[in-house]
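Chains as they are written, first to last, in our numbering: chain A, 1 to 438; chain B, 1 to 438.
FYI, nobody ran anything at the bench for these hints, they're computed from the structure.
Possibly wrong hints are sitting among the right ones.
What the hints assert, rightly or not - One side only, chain A facing chain B, incomplete, derived with CB under 10 Å: (1) His17; (2) Arg81; (3) Tyr82; (4) Leu83; (5) Thr124; (6) Thr142; (7) Ala159; (8) Glu295.
Glycine is no exception: its CB is placed at the ideal position from the N, C-alpha and C atoms.
Number of protein chains: 2
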Amino acid sequence: MATGLTADEILALRDRHLGRSLSVSYRHPLHIVRGERQFLYDADGRAYLDCVNNVCHVGHGHPRVVEAACRQMSELNTNTRYLHENIVEYARRLSGLFPDPLEVCYFVCSGSEANELALRLARTATGRHDVVVLDEAYHGNTGGMVDLSPYKFAGPGGAGRPEHVHVAPVPDPLRGPYRYGDPSAGQRYALAVADELRAAESRGRPAAAFFAESVPGCAGQIVPPDGFLPSAFEAARSAGALSVADEVQVGFGRVGTHWWGFEAQGAIADIVTLGKPIGNGHPMGAVVTTRAIAEAFENGMEYFNTFGGNPVSCAVGLAVLDVIEEEELMENAHSVGEVLLAGLRELSRIYPIIGDVRGLGLFIGVELVLDPETLEPATEQAAAVVNTMRERGILLSTDGPYRNVIKIKPPLVFQAADADRVVSELGEVLAGSALGVS
Amino acid sequence: MATGLTADEILALRDRHLGRSLSVSYRHPLHIVRGERQFLYDADGRAYLDCVNNVCHVGHGHPRVVEAACRQMSELNTNTRYLHENIVEYARRLSGLFPDPLEVCYFVCSGSEANELALRLARTATGRHDVVVLDEAYHGNTGGMVDLSPYKFAGPGGAGRPEHVHVAPVPDPLRGPYRYGDPSAGQRYALAVADELRAAESRGRPAAAFFAESVPGCAGQIVPPDGFLPSAFEAARSAGALSVADEVQVGFGRVGTHWWGFEAQGAIADIVTLGKPIGNGHPMGAVVTTRAIAEAFENGMEYFNTFGGNPVSCAVGLAVLDVIEEEELMENAHSVGEVLLAGLRELSRIYPIIGDVRGLGLFIGVELVLDPETLEPATEQAAAVVNTMRERGILLSTDGPYRNVIKIKPPLVFQAADADRVVSELGEVLAGSALGVS
Numbered sequence: 001m002a003t004g005l006t007a008d009e010i011l012a013l014r015d016r017h018l019g020r021s022l023s024v025s026y027r028h029p030l031h032i033v034r035g036e037r038q039f040l041y042d043a044d045g046r047a048y049l050d051c052v053n054n055v056c057h058v059g060h061g062h063p064r065v066v067e068a069a070c071r072q073m074s075e076l077n078t079n080t081r082y083l084h085e086n087i088v089e090y091a092r093r094l095s096g097l098f099p100d101p102l103e104v105c106y107f108v109c110s111g112s113e114a115n116e117l118a119l120r121l122a123r124t125a126t127g128r129h130d131v132v133v134l135d136e137a138y139h140g141n142t143g144g145m146v147d148l149s150p151y152k153f154a155g156p157g158g159a160g161r162p163e164h165v166h167v168a169p170v171p172d173p174l175r176g177p178y179r180y181g182d183p184s185a186g187q188r189y190a191l192a193v194a195d196e197l198r199a200a201e202s203r204g205r206p207a208a209a210f211f212a213e214s215v216p217g218c219a220g221q222i223v224p225p226d227g228f229l230p231s232a233f234e235a236a237r238s239a240g241a242l243s244v245a246d247e248v249q250v251g252f253g254r255v256g257t258h259w260w261g262f263e264a265q266g267a268i269a270d271i272v273t274l275g276k277p278i279g280n281g282h283p284m285g286a287v288v289t290t291r292a293i294a295e296a297f298e299n300g301m302e303y304f305n306t307f308g309g310n311p312v313s314c315a316v317g318l319a320v321l322d323v324i325e326e327e328e329l330m331e332n333a334h335s336v337g338e339v340l341l342a343g344l345r346e347l348s349r350i351y352p353i354i355g356d357v358r359g360l361g362l363f364i365g366v367e368l369v370l371d372p373e374t375l376e377p378a379t380e381q382a383a384a385v386v387n388t389m390r391e392r393g394i395l396l397s398t399d400g401p402y403r404n405v406i407k408i409k410p411p412l413v414f415q416a417a418d419a420d421r422v423v424s425e426l427g428e429v430l431a432g433s434a435l436g437v438s
Numbered sequence: 001m002a003t004g005l006t007a008d009e010i011l012a013l014r015d016r017h018l019g020r021s022l023s024v025s026y027r028h029p030l031h032i033v034r035g036e037r038q039f040l041y042d043a044d045g046r047a048y049l050d051c052v053n054n055v056c057h058v059g060h061g062h063p064r065v066v067e068a069a070c071r072q073m074s075e076l077n078t079n080t081r082y083l084h085e086n087i088v089e090y091a092r093r094l095s096g097l098f099p100d101p102l103e104v105c106y107f108v109c110s111g112s113e114a115n116e117l118a119l120r121l122a123r124t125a126t127g128r129h130d131v132v133v134l135d136e137a138y139h140g141n142t143g144g145m146v147d148l149s150p151y152k153f154a155g156p157g158g159a160g161r162p163e164h165v166h167v168a169p170v171p172d173p174l175r176g177p178y179r180y181g182d183p184s185a186g187q188r189y190a191l192a193v194a195d196e197l198r199a200a201e202s203r204g205r206p207a208a209a210f211f212a213e214s215v216p217g218c219a220g221q222i223v224p225p226d227g228f229l230p231s232a233f234e235a236a237r238s239a240g241a242l243s244v245a246d247e248v249q250v251g252f253g254r255v256g257t258h259w260w261g262f263e264a265q266g267a268i269a270d271i272v273t274l275g276k277p278i279g280n281g282h283p284m285g286a287v288v289t290t291r292a293i294a295e296a297f298e299n300g301m302e303y304f305n306t307f308g309g310n311p312v313s314c315a316v317g318l319a320v321l322d323v324i325e326e327e328e329l330m331e332n333a334h335s336v337g338e339v340l341l342a343g344l345r346e347l348s349r350i351y352p353i354i355g356d357v358r359g360l361g362l363f364i365g366v367e368l369v370l371d372p373e374t375l376e377p378a379t380e381q382a383a384a385v386v387n388t389m390r391e392r393g394i395l396l397s398t399d400g401p402y403r404n405v406i407k408i409k410p411p412l413v414f415q416a417a418d419a420d421r422v423v424s425e426l427g428e429v430l431a432g433s434a435l436g437v438s
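Let's have the full structure, built from the sequences with the hints guiding it.
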């Protein structure tokens, strides 16, 4: 497809033919033409270490995944109204990765579609309408998911909180009401969820579901304090609501110790939604739930998804599972994540601008602050670090309500040497500029 | 991926690991393992003529599309935050297929996501919330789209019409209030849309949009009477609402005379949504709109779609356009559609059970009735015809509120000989059974 367009020509065409509400990364956008493992290459052949792509999970262009897709594409790609082995093999394999009683799969095209279906399942199973969510959450780009996403509805251009949505605080032990050092912080954040569930009910609007990213992403790569998720899910159960674990960003072994973020916290959800990494870039998503919830959904209305569960998507999904298991990528996420976290924590002892280092496996946040006491966000400095690191060939980005959290969520083939390089270059950037504030 | 599972084993695994609200086609489901051009092959090697797959638009497993996907998959598949040629080449090429002022593209993963985005665009651009739709319409499987789909919300398991949705009659010249022979039927159906727009406004709920499948599908392959769509769109414009043409089923040349169903009727929409055939089975969709509407959407809220517009999807989309143009598939849809329509109309003169034959290009409906006067639907007979034709190696299905409309919407590589075969076998089925009612 290479047509020899320059970056400026591409930018001009984007401006002319694409919606401008889609922005590009970096002050000087990258023109990327090739990817391999944890590296991206620009049009000049320069390599970049990709520390942010949580979609190309098993590595850019993994040959096994590409081969599975190509083989199946040339054989057959049709809908799920005919019998085909791939969909049942994939459903059996995928559901086997979940604790009981999660055993029924629905296949869709994206994380947004997965969360949309989760909401339909919860509403049909409970006969209720409302939803409790966590502040700063992002659950998707459809109308219904923007409604459930404070990150969107309370942000620029947002229309504010819809009446059917109730917002509990992010379980953020750095900035939230309950902080590091408080051994009951997890319980207290769960009580705040229980309060929202109760308040909703007392307004005559009982919740159908409690939606939570198992490890909140857009909120700033937050690792909830111990005990939060099991207690919050229990509070939902007590209130007659279903728990939906949004694993779109963190699922498939990224947290290192378990396949799923909710498991790493000792919780079990009623409905789990999957997306981004599930197909290593192939557009697909899934919902996994219990037989009881699936049966409640059998109310006569068919759920059909044109592309969801097609033989190609299922072949891709199976290949991704093969690679994660055979290359031991969950274990790699754990060990390389430990190296990276240790190095970043070492940096935080030298550079007080690093206000917090947190993470599970290869899902890591480095929060920059101007003052360790007031936690005033170092927003500009975070942007500067990301841009300077990009000049050094390392791709990072920022997130969180103040965009002062550097997020690290690379393909799981990330190596210990890559972790060392990130730490070393980040140290140099912080040392060599006014950013260190040391 | 072939694992040697039997049809019964696949059915048992579906029952165990898939949601049962997903049904299979036919009383005796087909176990399809391969596709090529307009043919599907079962596990025993038997060929079936596919007359219903409007997704594998340029033919099952078209080598050019497969090759484009495979080449790009092994090079790069990442998101739209970096510059890449494919997305701008595809946006330029796709928008060039639309009349002015439709020039801005958004890329998504499915028709449902496209319609969700169209609704967000219309609401943001107008500052209004409500929507006027056509009865029996289907616009997608997300919560918001079930709300806009009388086919769903008024059907089994449906919760009824939501307050923000207003329903105008299907412009059905066989069964609706204005029928064949009434030269003003199109205008009258458009006036009914205008009435709904006005009624919504008078209830203090002015409509953001009028959503219409350009050629209604689930309503029973309806061809609206002349003048309907331009007048209905004009009524929307007068009422301050935007017109959304849902081309998910009929776009990309299927109607034979034009690329888009709305063009075939001399209308221009404000927003057009694309899905199913756009990637020949690859999960993708798009929204095409005007610069003015796209600018109104730039209110500070980013629209980002993880998979939408990725280099692989765009390479696939470009290959599909290449094939449609180089193999002259729109022209083929026109000429083969004419052969098929003529043959079916000939049959209708012999078999009074055929109450109506209608269509544009290769989007055709054959409506079966027990009585040409009362139009009592021949629902069971339609199911019997479909099952008998399947035994003869021809795949059809039924649609419409009474499931008495045999729908024909094959891949566009369908040949005149295939059309002759369908007509001849259908004639035999009608003649050789009690179905003919002749």
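Any of the earlier hints contradicted here, and which numbers? The structure conflicts with no hint, since it agrees with every one listed earlier.
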